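As a plain string of letters, each chain reads:
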Amino acid sequence: MKFGLFYELSVPRPWTRESERTVYNNALEQVKLADELGFDQVWAVEHHFLEEYSHCPAPELFLTACAMLTTQIRVGHGIIVCVPEFNHPIKIAERTAVLDLLSGGRLEVGTGRSATWTELAGFNANPDDTKKSWDEFVRCLPKMWTSEQFAYEGEFWSMPARTILPKVYQRPHPPMWVAVTSPGTELDAADRGLGSLGLTFGGFAEQEKKIAEYRRRIQLCTPVGEFVNDQVSTVNFLYCHEDDQVGRTVGRKMADTFNYLASQLTSVREAFPGRSYPSLGLLPQLRRQATGPDSGEQAGEGLALGGPERVLRALKRWEAVGVDRVNFLLNTVEAIPQTQVLESLRLFAREVMPAFAESKPAGGER
Amino acid sequence: MPLFGELAVERVAPRLAHLLNLDAEAWTLPGAEILQMAYEVGEATRALLPRAMHPAIPPYATWLVTRYPESPVGPFTLAQLRLMGRAGAHPRGYVLGAVASTPEAARALADGWGFPAAAGAVAVQRYHDRVSVSVTLEGDRILDAALVDPQPISGADVQYIHSVTLARLDEPAGSTPTLVQVDPHYTFHRAERGRPSIARFAAAAWNAEGLAPVHPISASFATCDTDLPRIRFVMDPEIPVVRGTRRIR
Numbered sequence: 437m438k439f440g441l442f443y444e445l446s447v448p449r450p451w452t453r454e455s456e457r458t459v460y461n462n463a464l465e466q467v468k469l470a471d472e473l474g475f476d477q478v479w480a481v482e483h484h485f486l487e488e489y490s491h492c493p494a495p496e497l498f499l500t501a502c503a504m505l506t507t508q509i510r511v512g513h514g515i516i517v518c519v520p521e522f523n524h525p526i527k528i529a530e531r532t533a534v535l536d537l538l539s540g541g542r543l544e545v546g547t548g549r550s551a552t553w554t555e556l557a558g559f560n561a562n563p564d565d566t567k568k569s570w571d572e573f574v575r576c577l578p579k580m581w582t583s584e585q586f587a588y589e590g591e592f593w594s595m596p597a598r599t600i601l602p603k604v605y606q607r608p609h610p611p612m613w614v615a616v617t618s619p620g621t622e623l624d625a626a627d628r629g630l631g632s633l634g635l636t637f638g639g640f641a642e643q644e645k646k647i648a649e650y651r652r653r654i655q656l657c658t659p660v661g662e663f664v665n666d667q668v669s670t671v672n673f674l675y676c677h678e679d680d681q682v683g684r685t686v687g688r689k690m691a692d693t694f695n696y697l698a699s700q701l702t703s704v705r706e707a708f709p710g711r712s713y714p715s716l717g718l719l720p721q722l723r724r725q726a727t728g729p730d731s732g733e734q735a736g737e738g739l740a741l742g743g744p745e746r747v748l749r750a751l752k753r754w755e756a757v758g759v760d761r762v763n764f765l766l767n768t769v770e771a772i773p774q775t776q777v778l779e780s781l782r783l784f785a786r787e788v789m790p791a792f793a794e795s796k797p798a799g800g801e802r
Numbered sequence: 002m003p004l005f006g007e008l009a010v011e012r013v014a015p016r017l018a019h020l021l022n023l024d025a026e027a028w029t030l031p032g033a034e035i036l037q038m039a040y041e042v043g044e045a046t047r048a049l050l051p052r053a054m055h056p057a058i059p060p061y062a063t064w065l066v067t068r069y070p071e072s073p074v075g076p077f078t079l080a081q082l083r084l085m086g087r088a089g090a091h092p093r094g095y096v097l098g099a100v101a102s103t104p105e106a107a108r109a110l111a112d113g114w115g116f117p118a119a120a121g122a123v124a125v126q127r128y129h130d131r132v133s134v135s136v137t138l139e140g141d142r143i144l145d146a147a148l149v150d151p152q153p154i155s156g157a158d159v160q161y162i163h164s165v166t167l168a169r170l171d172e173p174a175g176s177t178p179t180l181v182q183v184d185p186h187y188t189f190h191r192a193e194r195g196r197p198s199i200a201r202f203a204a205a206a207w208n209a210e211g212l213a214p215v216h217p218i219s220a221s222f223a224t225c226d227t228d229l230p231r232i233r234f235v236m237d238p239e240i241p242v243v244r245g246t247r248r249i250r
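Top line first, the protein sequences correspond to chains A and B.
Our numbering numbers the first residue of the first sequence as 437 and each following residue consecutively.
Our numbering numbers the first residue of the second sequence as 2 and each following residue consecutively.
Possibly wrong hints are sitting among the right ones.
[To be verified] Ranges of calculated distance between the beta carbons of each label pair, as one might list FRET restraints:
| no. | chain 1 | residue 1 | chain 2 | residue 2 | range |
| --- | --- | --- | --- | --- | --- |
| 1 | A | L537 | B | M2 | 35 to 45 Å |
| 2 | A | E454 | B | R127 | 56 to 66 Å |
| 3 | A | K689 | B | R247 | 20 to 30 Å |
| 4 | B | G156 | A | D627 | 22 to 32 Å |
| 5 | B | V74 | A | R457 | 53 to 63 Å |
| 6 | B | P31 | A | R575 | 46 to 56 Å |
| 7 | B | E11 | A | V682 | 41 to 51 Å |
| 8 | B | T188 | A | G558 | 30 to 40 Å |
| 9 | B | E11 | A | D679 | 45 to 55 Å |
| 10 | A | D679 | B | P173 | 41 to 51 Å |
| 11 | A | V682 | B | D226 | 48 to 58 Å |
| 12 | B | E11 | A | R575 | 57 to 67 Å |
[To be verified] Only part of the chain B face toward chain A is listed, based on derived beta-carbon distances under 7 Å:
| no. | residue |
| --- | --- |
| 13 | A39 |
| 14 | A57 |
| 15 | I58 |
| 16 | D158 |
| 17 | V159 |
It should be emphasised that the hints constitute simulated quantities derived from the structure, not laboratory data.
This structure is a prediction, so every number in the text was calculated from the model and none was measured.
We treat Cβ as the ideally placed atom computed from N, Cα and C, and that holds for glycine.
Please model the complete structure; the sequences and the hints are all you need to start from.
What follows is the structure, encoded as structure tokens:
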């Protein structure tokens, strides 16, 4: 099992001139330390307009800074919103190639389609079309990275033959992933030979079932890229402290704050009924965990919060369920002081990470 | 923390419905037809939302018009304007104003669940390419709106957010402004989705000064069996619901 960091870059009100800068600087310091400690990857989301919850609309810039500060850690651009109003596919191919070059072949590419009315309406995108445009984008990207010349005629975008430059550094191309929040998206990932970038917290039984189905299905896939990425990644919170009770208490506060902020988002389904977003995805779970009957101990199942032994047990359980990678949220609205976040990382690297063996790479020559 | 509403409850208290108790019996409401139109409405609406609640991001409102062919007070139609927000982590629609098509329904909804309901005329009409609604109160047309170009969708795709009303509740210590959660159940039989269109909206008549529909979101029209259940939760309108919620049953 491999471990990484996962950034939403949440910024607490009141927003001052320095507050956003501080959040970015703290994150960069964490990434630099994580690289030194042997963490495998750092992911940054693409979100727009999500007040406090995520001030990360240009992850490629943040990740470029990460790459410049580090030598080993892989940089996960994800997810990139594969909706034409947000990102033109040519620009996606170009900027990911540049990031792969600058990072020396350390790029991972996550794809998705956004799940909030807040974001989709902000870009005047039609929620009915996002799944279809995502499907077009993920089928084009590997060809845009690898073909000498590329031309395309599709429903959502077209281009005459051009040479898209530069080409990615990794051969044949960076590993590709799909954000999995809505039920069933893990099957979309499997059918296309894409890694499952799970964005749900906790719940061993449900995840085990999903992973088993993903594993079964991906064996029969027609990959959209040059290789199959059959890795399963999930997210978790991390706060590791020598005192188990302190770790749990401080960590729960961070997790609860995150869940509470996430529950403020206006999901597509809440405002715009339709088949394209058949479930509320992540939000109902987070709402229950923030204030509902699931709050408290039950909601802590599988969370990496507490002393090293408790964190180790939780992660071993995830490993047994079939998860290959766990990406950690380290903080929310800077609820935990930066010195404690860094100490948590060091403790985790010292006491927990050695218990996990090397696992297979996601593919691609580096 | 997310932003909170900024409603000065004392300013609206005189016009609130009066709840004698929290013991209204549940209503079973089969065969209801629900027309919902959603629009983004702008940041100024925070002044209309109780301090206990968070505004939605972005702020939006729903015009919810329901024909009830059967109810304990006979057939009636209810039109509501709800400012959408969050009660803690949960999406809720705060009922700003309501018009019921019969005086009996208006009185029962106010007495039982705290709806700010006045009696008026509510007309829903189904055309080939639209479902329209007009609402008249004291001789003034206060809403002309429609769902345009309806297309079938699954009832499973429709989600109605629970409501909260603000009413005065008689308690031993006096009459206290109280938020009341109204959380019906729905069993859908059919549903359609289209574009919302609002041709006329008199904000003041809906207790919604400063609210204007600025960006259309969606409209839906569904047939379902629903209810008005007994009151389960009430909340203090002045403090965050995480601290100010009381379970009734």
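Cross-check of the supplied hints:
1. At about 42 Å, the beta-carbon gap between L537(A) and M2(B) stays in the expected band of 35 to 45 Å.
2. Checked against the hint of 56 to 66 Å, the C-beta distance between E454(A) and R127(B) comes to roughly 57 Å, which is consistent with it.
3. Look at K689(A) against R247(B): about 25 Å separates their beta carbons, and that is inside 20 to 30 Å.
4. Between G156(B) and D627(A) the beta carbons are some 28 Å apart, a value that agrees with the proposed interval 22 to 32 Å.
5. Look at V74(B) against R457(A): about 60 Å separates their beta carbons, and that is inside 53 to 63 Å.
6. Separated by about 48 Å at the C-beta atoms, P31(B) and R575(A) satisfy the suggested range of 46 to 56 Å.
7. Restraint check, E11(B) to V682(A): a C-beta distance of roughly 44 Å satisfies the suggested window 41 to 51 Å.
8. Distance hint check for T188(B) and G558(A): the Cβ-Cβ separation is about 34 Å, which falls inside the suggested range of 30 to 40 Å.
9. Between E11(B) and D679(A) the CB atoms are about 47 Å apart, so this pair conforms to the stated range of 45 to 55 Å.
10. Between D679(A) and P173(B) the CB atoms are about 47 Å apart, so this pair conforms to the stated range of 41 to 51 Å.
11. The hinted range of 48 to 58 Å is satisfied by V682(A) and D226(B), whose Cβ atoms lie roughly 51 Å apart.
12. Evaluation of the 57 to 67 Å hint for E11(B) and R575(A) yields a pass: the beta carbon distance comes to about 60 Å.
13. Taken as an interface hint, A39(B) checks out: its beta carbon lies about 5 Å from the nearest beta carbon of chain A, inside 7 Å.
14. With its C-beta approaching chain A no nearer than about 5 Å, A57(B) sits inside the 7 Å limit, and its interface hint holds.
15. Annotation: interface hint on I58(B) holds; nearest CB of chain A at approximately 5 Å, less than 7 Å.
16. A distance limit of 7 Å between C-beta atoms decides the matter here; for D158(B) the minimum to chain A is near 5 Å, and the interface restraint holds.
17. A distance limit of 7 Å between C-beta atoms decides the matter here; for V159(B) the minimum to chain A is near 5 Å, and the interface restraint holds.
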